[in-house]
Each structure stands twice: as structure tokens, then as C-alpha cells.
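K.L.:
Read off the chains here:
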Amino acid sequence: MMSRKTLDLWVGVFVAIGFGALLFLALKVANLSSFTGAGLYEITAKFDNIGGLKVRAPVKSSGVVVGRVREIHFDNQTFEAVVTMSVESRFAFPKDTSAKILTSGLLGEQFIGLAAGGDSVNLKNGDALKITQSAVVLENLISQFLYSKAAEGGDKKQQ
Amino acid sequence: MHRVAGLLRRLGAHVTGMIWRLGFATRFFMLILKHSGTSFRRFHLTVREMYFSGVQSLIIIVVSGLFVGMVLGLQGYDTLVRYGSSEALGVLVALSLVRELGPVVAGLLFASRAGSAITAEIGLMKATEQLDAMEMMAVDPIARVVAPRFWAGVISMPLLAALFSAMGVFGGYLVGVRMIGVDEGSFWSQMEAAVDFEEDVLNGVIKSFVFGVAITWIAVFEGYDAPPTAEGVSGATTRTVVTASLWVLALDFILTALMFRGN
Amino acid sequence: MCCPPICARIRPFNFAPHPVSIGNLVEVDNVTFGYDQRAVLRQINLNVPKGKVVAIMGLSGCGKTTLLRLIGGSVRPQQGEVRVAGKVVNKLPADELYLLRRKMGMLFQFGALFTDMSVFDNVAFQMREHTNLPESVINDLVMMKLDAVGLRGAAHFMPSELSGGMARRVALARSIALDPKLMLYDEPFAGLDPISLGVIGQLIRRLNDSLGATSIIVTHDVAEALQIVDFVYFMSEGVVIARGTPDEIRASEETFVHQFVYGEADGPVAFDYPARDLREDMFAEAQ
Chain A
44 MMSRKTLDLW VGVFVAIGFG ALLFLALKVA NLSSFTGAGL YEITAKFDNI
94 GGLKVRAPVK SSGVVVGRVR EIHFDNQTFE AVVTMSVESR FAFPKDTSAK
144 ILTSGLLGEQ FIGLAAGGDS VNLKNGDALK ITQSAVVLEN LISQFLYSKA
194 AEGGDKKQQ
Chain B
15 MHRVAGLLRR LGAHVTGMIW RLGFATRFFM LILKHSGTSF RRFHLTVREM
65 YFSGVQSLII IVVSGLFVGM VLGLQGYDTL VRYGSSEALG VLVALSLVRE
115 LGPVVAGLLF ASRAGSAITA EIGLMKATEQ LDAMEMMAVD PIARVVAPRF
165 WAGVISMPLL AALFSAMGVF GGYLVGVRMI GVDEGSFWSQ MEAAVDFEED
215 VLNGVIKSFV FGVAITWIAV FEGYDAPPTA EGVSGATTRT VVTASLWVLA
265 LDFILTALMF RGN
Chain C
2 MCCPPICARI RPFNFAPHPV SIGNLVEVDN VTFGYDQRAV LRQINLNVPK
52 GKVVAIMGLS GCGKTTLLRL IGGSVRPQQG EVRVAGKVVN KLPADELYLL
102 RRKMGMLFQF GALFTDMSVF DNVAFQMREH TNLPESVIND LVMMKLDAVG
152 LRGAAHFMPS ELSGGMARRV ALARSIALDP KLMLYDEPFA GLDPISLGVI
202 GQLIRRLNDS LGATSIIVTH DVAEALQIVD FVYFMSEGVV IARGTPDEIR
252 ASEETFVHQF VYGEADGPVA FDYPARDLRE DMFAEAQ
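Here the protein sequences come in this chain order: A, B and C.
Just remember that our numbering sits 43 ahead of the position in the first sequence, which is counted from 1.
Just remember that our numbering sits 14 ahead of the position in the second sequence, which is counted from 1.
Just remember that our numbering sits 1 ahead of the position in the third sequence, which is counted from 1.
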């Protein structure tokens, strides 16, 4: 029967390495370090079609993650999708920055890419982006292709 | 016709018996919660049980985690290299462990090692009248014996699952990067990009917590309810391992469906 | 499994008058108790006067241990009352029951020592749980209790290292830790060698008298019990069929009591388990 001191020591060691493992998982394995409550500000953007964009998708600029999509909802008046993003405060963007919905890889997850504009005034918390480009929807692409192919064929006939 | 009726009757009796037992188990759970004050006011009781459930499970968890991670590394590489995605090995190993294998396999191991030990201990105490003796000395056995073991299991499980996952990732690293030669940089960076703290790690922790509650509840209940004979205790011990393992897998399905709904 | 059917052969006995008492510590008043269909105790009446050592004897499985559990409050009777020190045990709320139990000590059949603690910790258990005494005082008390049973030198052993007799003595020390007023003994003599038998018997008597306590012994060890007790109740099939002082019991003409006390092979408790006619069993095949 172990003395109470030895017992406490071993249990303490156990809890310590357990938490250590948790910390390891959080920092080295997952992406916790990148978002540790450093200040965030919110901006919105409207899109005709958000495609497969999900909440918590990354917001990148020049390929670097600068924020996250916080919320997506539907505007019933303008019939557009409204996306709210949280951007890290240390990254300031000009007012005429544009937002595009891009796909990582060919068939990967979708994210928002920000391209900085040239305005001298920066975006503030709650501002809306004016220039947006919706996601590429595969079906539209295919029907466009077929249509253009059909038009080509029709032109050829006419010649 | 007679035999079918007899079979149906036995089946019905069996099912009602199970439902009755489930009700008793739930009431027992409520009793444990009600009498948990002692486990925290005299925390050394719980700490003692954490030694027997947690610390003594360390070796099997750490070694198993390492081996599972290494196998994931090998098998994962074998499949990924066919699609030219061998750099995604880190992602594969980490996600598999953190989301599923860590909580589930650690849970199964915990059920067989610590769960069976708890059941045997409590069952034996019941069979040798130690619990009755405690009651006659005006000490509530549920507060003094059962509740500390319950909380020790609940606290230990998430820690063990995290250790399992961490060791697994390390094992995958050893095999993938050191042995096979996958690029170390992409191994870790792709992993970090793909594994989300809230979605994956935290959900894994929640799962292991739920498993801890389920496994330890089953273990203490089977021990407390065991018939006070040698066969009774051994039957209860095997029942704990089987029931707890099945519940871990069932709860895993339910939790996964709730958490990872392809959001 | 209960006794073989013998009630048909027991005829009612002229009971000796209740023992003269300065007051009864325990009164079992018209108690009926059973599980599902099976009645274990039927309208039992018995009294245990203060300061006396009373034995309850009978065949195995005839409700003696159940009686102890009723007195300790572990089970409740379907009918009747069990009173200890004037309080109705079966109607007490949980906290009052626990308070009452602090004044009781119970010795279980094989000791029921806590196997994960040393002998010292076992005896100190109640003191540590129920009092705020400093460790030095507890140490002295534990040594005193162990000394009373003659095992002060075994304080550091683990229960698994003790012989049966020693384990039972340690359990005895443990149950008197808080100087209880009522001691309950469940088969204290079962399975002991003659020397340990004598030791336990003497201890029970001596402790009872020095603590000023009252003791109830459930046993079927006639010789040892009759030597140390003041009064005996005989039970069979859930009823009290005889009572008296040890001398009265030894002189009893009641057939069951006589068979029990003198260990006769045949009598009201038949030698033969009920079976078919011999000819049917032996020569059945030959037909």
C-alpha cells in the first residue's frame, strides 16, 4: 500500500502529462495558436452564390489566412447571400478590397480570398465590401460550355 | 406453437428484465451524483482511485497509442502514395486519432483494464460483506467507495484519450517521417492546417468525457449489483467489459453523427 | 433454501416467563418479514434486556441473520416494529438511523475487514470517519482496542496476512472502536479452532461487561454459546419455539431443543430427506 505522498506524486505526474498531451494536440497538431483572441473586426460581403462556402472557412489574402467566416445568412430583400467575416485586427484592408469565393485545389473546400484595393481609407468594424465575385458553380460552367459548343456548331453550319 | 410461445415469453421477460435493470442503474447514477460531495471534499479519496484507474492504465494506453499511430502511418502512406498525396499523411494520422481512434480505442482499453478492475473490486467488497460492514458503521458505501471511483474514471478518461492521440501522432511521425521519408515540414504544416481545435480536438475531448462517464457508470453499477458469490463477481466483470465496449461504440456513432454532420 | 419441514412435529411449548430486566434495549414486536412469496420471520416477539448477552440459535437459514439485519436497520419488516433504545428502527429517517448505528457495533461472520487497509487503519476507520480526533489520540485508541483483543502487535499487518481467528478478533476491535452500547454478532464462532473459539467467547463476555453494553449473538455453536450467554432464544422456521436461561435450555424437554443441544442425528429434524419408497428407487430399473 503506497504512502499517500507517492500516490499524490504519481497522480500529479499523470494529470500533468495528460494536460501536456492535450496542449500538444491543441498547439502542434491543431491550429489553436493562430487564433488566440487577438483582436478581431468584422466585415460583411454579399454574394449571388456562395457555392460550398461554410461557416469557419478561412479568409485568405495572398494565400495567407487572415480570418474566418463567422456567419452566413440569406437576405430576403435583395435575394443575396450575406457573409460575415472576422478578420484579425493586425491586418488592415482598404475600403475598396474585393472578395472572391475560391476553391482550394480542384475539388477542395471553399474559402474567401481578399484582394486589397488601393483606397487610402481602411475598412472598419461592420463595413461591407463593395466588390464581390461569387463561387464558380459546376453546373453553370457545364451548361455554359455546352451552350457555347452548341453556338459554335450553329455558326459552323451557317458558314 | 408451444415452443414459439415459450420463446416469446422468455424474450419478453428478458427485455423487461433489462429495462428494469436500466431503471435501477439510472437511479443508482442519481445516488452517486447525490453523494458526490465526499469525493470532492475529501479529494484524496478520488486521487487514490485515479492512481488505480488512470496511472496504472498509462502503460497500456501509451504503448497502444504508439502502435496504432505507427500502423496508421504505414497503412496511410500505402494508400496515399497511390494518389500522390503522401504529404497528407500527417493529416490522415492526426484526424483519425483525434476524432475517432483516440477516444474510442482508449475507451475500449480503459473499459477492459480499469473498468473490469473497478467492477471486481466493488463486487468483491460486496461479496465479503465489507459494504454491509461499512453501512453498519454509519458510513455510506456509495459516498465512500463508489463515488470516488466514478469521478476518478470520469477525470482520467479524457487525459488518457489525449495521451493516446498524442502518442499516436508521434508514432505516425516516427514511421512516416523517420522511417519512410515523408517530408517533415509538410507532415506537420498540413496537419496543423487541417486539424481544427474546436471541431476536432475539442470534440474528441467531449467524446472521451462522455465515454468516461458511460464506462465508469457501468463498471461501478455492475460491481455494486453483482451477486455476492465468486461466479457472480466474475460474471459481472465480463459483463462490464462487454457492455461498456458496446456502449462506447454506440455512443461514438451517436456523437459522431451529431458533431461531424459534414458541416 | 430454508429448514426442512418440521413445524408439523413441533408442539407449542410452555414458555418461561420473559427475563426480568431493568429495561429492554432491543424489542422485536410482532415482526413479520419475507421476500416475495417466502415468509422468513412470522410474528416474532423477543426482547433483549440491557446489559445482558443473549443468544439466538437455530438451524442454518431460519431467519436468525435476518433478525440481526432488522435490528440494524438494513431491512424493514412488512409488519410489526423493531425498537432499539426506544426508537423504532424501521421508521427512522436515514440520518437518524446513521446516528443510531454509531452506537451499535456489528461483527460479521468472516470479519469483513477492509482488504485494502492495514489492521490499524481498519480499527481506526470509524474514528477517522466520525470524529475529528487528532492522529495521536486515534493512535492511542486503536492500540487500546487492539490490546483488548490481544493483537496490539499485529497492527501493521494487512488483512490478507491474518488467520481466520485473528481476522475475527481485529474485526471485533474495529466494531468496538466507538464504544457501542449494542453489539451484534453474526456467527462469531463459525469455522474457528477450539482455542480461538474459547478466546472469542471470552472476549464477547468480557467486552460486554466492561463496556456496559448489551450483546446479541446469532450462532449455532451450542457448547460455547451456552457457556457465556445469559439468555437464549430458539428459532425454527421463522418463529421462536423456545426461550430460557442456559440451564433451562439444557434441561429442556422440548424435542427440537433437545436434539439441537445434544446434537442428535435424528429427531424432529429428520435424518432422511423426504424421498420415495426405497423399493421404487432401488428396484425401479429391474422392472
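Source of the hints: derived by calculation from the structure; they are not laboratory data.
Model, not experiment: these values are computed from the prediction.
Idealized CB from N, CA, C, for every residue including glycine.
Some hints could be false.
Distance windows between CB atoms, simulated [said to hold, decoys possible]:
#1 R275(B) / G169(A): 28 to 34 Å
#2 V108(A) / G249(B): 28 to 34 Å
#3 I194(B) / F117(A): 45 to 51 Å
#4 V76(C) / W34(B): 16 to 22 Å
#5 M44(B) / G268(C): 48 to 54 Å
#6 I33(B) / Q203(C): 37 to 43 Å
#7 M44(B) / A191(C): 27 to 33 Å
Just so you have them, the derived chain B footprint on chain C, three or more residues with Cβ under 8 Å [what the hints assert, rightly or not]:
#8 121-132
#9 218-227
K.L.:
Hint by hint, note whether the structure agrees.
P.N.:
Results of checking the hints against the structure:
1. For the pair R275(B) and G169(A), the beta carbons lie near 31 Å from each other, so the given range of 28 to 34 Å is met.
2. As the Cβ distance of V108(A) to G249(B) is approximately 56 Å, the hint placing it in 28 to 34 Å is violated.
3. For the pair I194(B) and F117(A), the supplied restraint of 45 to 51 Å holds, since their beta-carbon distance comes to about 48 Å.
4. Checked against the given bound of 16 to 22 Å, the beta carbons of V76(C) and W34(B), roughly 20 Å apart, stay inside it.
5. A beta carbon spacing of about 53 Å between M44(B) and G268(C) agrees with the range 48 to 54 Å that was offered as a hint.
6. Between I33(B) and Q203(C) the beta carbons are some 54 Å apart, a value that contradicts the proposed interval 37 to 43 Å.
7. For M44(B) and A191(C), the hinted distance range of 27 to 33 Å is not satisfied, since their beta carbons lie about 38 Å from each other.
8. Check on the region 121-132 of chain C: 4 of its residues sit with their Cβ under 8 Å from a Cβ of chain B, so the three-residue criterion for coverage holds.
9. Using a Cβ-Cβ cut-off of 8 Å, 0 residues of the region 218-227 of chain C lie near chain B, which falls short of the minimum of three, so the contact claim is violated.
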